[in-house]
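There are 2 protein chains.
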Amino acid sequence: MKYEPINFRDKLSMFDQHWSPRVIAEMNDYQFKLVKVSGEFVWHAHPETDEVFIVIEGSLDIEFRDGKVTLQSGEMFVIPRGVEHKPVAERECKMMLVEPKGVVNTGDAGGELTAENNVWV
Amino acid sequence: MKYEPINFRDKLSMFDQHWSPRVIAEMNDYQFKLVKVSGEFVWHAHPETDEVFIVIEGSLDIEFRDGKVTLQSGEMFVIPRGVEHKPVAERECKMMLVEPKGVVNTGDAGGELTAENNVWV
Chain C
1093 MKYEPINFRD KLSMFDQHWS PRVIAEMNDY QFKLVKVSGE FVWHAHPETD
1143 EVFIVIEGSL DIEFRDGKVT LQSGEMFVIP RGVEHKPVAE RECKMMLVEP
1193 KGVVNTGDAG GELTAENNVW V
Chain W
1093 MKYEPINFRD KLSMFDQHWS PRVIAEMNDY QFKLVKVSGE FVWHAHPETD
1143 EVFIVIEGSL DIEFRDGKVT LQSGEMFVIP RGVEHKPVAE RECKMMLVEP
1193 KGVVNTGDAG GELTAENNVW V
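If you read the protein sequences in the order shown, they are chains C and W. Read in order, the letters of the first sequence correspond to residues 1093 to 1213 in this note's numbering. Read in order, the letters of the second sequence correspond to residues 1093 to 1213 in this note's numbering.
For the record, the hints were derived by calculation from the structure and aren't laboratory data. One or more of the hints may lead you astray.
When chains are identical, the list treats them as one kind, so a pair holds in a single copy or across two.
Here are the simulated DSS-like pairs of lysine-lysine, each with C-alpha atoms no more than 30 Å apart in a straight line [what the hints assert, rightly or not]:
| no. | residue 1 | residue 2 |
| --- | --- | --- |
| 1 | K1178 | K1160 |
| 2 | K1193 | K1103 |
| 3 | K1094 | K1160 |
| 4 | K1178 | K1103 |
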């Protein structure tokens, strides 16, 4: 049988839209998604689940109501379920999200930055 | 509050033992583990879960009974539950595993390469 690796750079080259996660793999009922971001996202929380951010290229600030974390390439962070956060990228940042299938990018906030779910690349 | 990123390189510098995964983060009931590998592992399967391999540095072959995949830095693969596989690294490879808490590295095979579970770094 033919087995193929999933290459982050190849997958990232296949789309340009910001704040629009693309699924690249599933593990049980979890998904791995690549996303390109730039500028400010909306304050939101995911009441039902933790969420993992892994920065692949660039730098991402994640603001919390009581602090902030800055992630560089090769760094990750786990947003605990229910914790309000706002991702901000001064310049374009490429990253991977890991979370259960079905999680919506804007969580409990909704709004115009809400991306279509379960779009594969 | 003080929020700290989890830096893969920093965490990898804290241990040298091969085939001995170290937990760096938890997301719900899943764990992210770093591991350094070199040489041949044992054939095994995880009957209860898929398993994700992400190569951070170096190169890893994952052999299957009917084929093989080679992962380089920046590539990932999902081993489906129940599928026999044997990781092989010609030279030292540094990678991240993502899998449910409690998964044992040698799966259904056991043996002397079975590592202590849930060791954090």
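* Non-conforming hints, listed in increasing numerical order -> As far as the earlier hints go, not one is violated by this structure.
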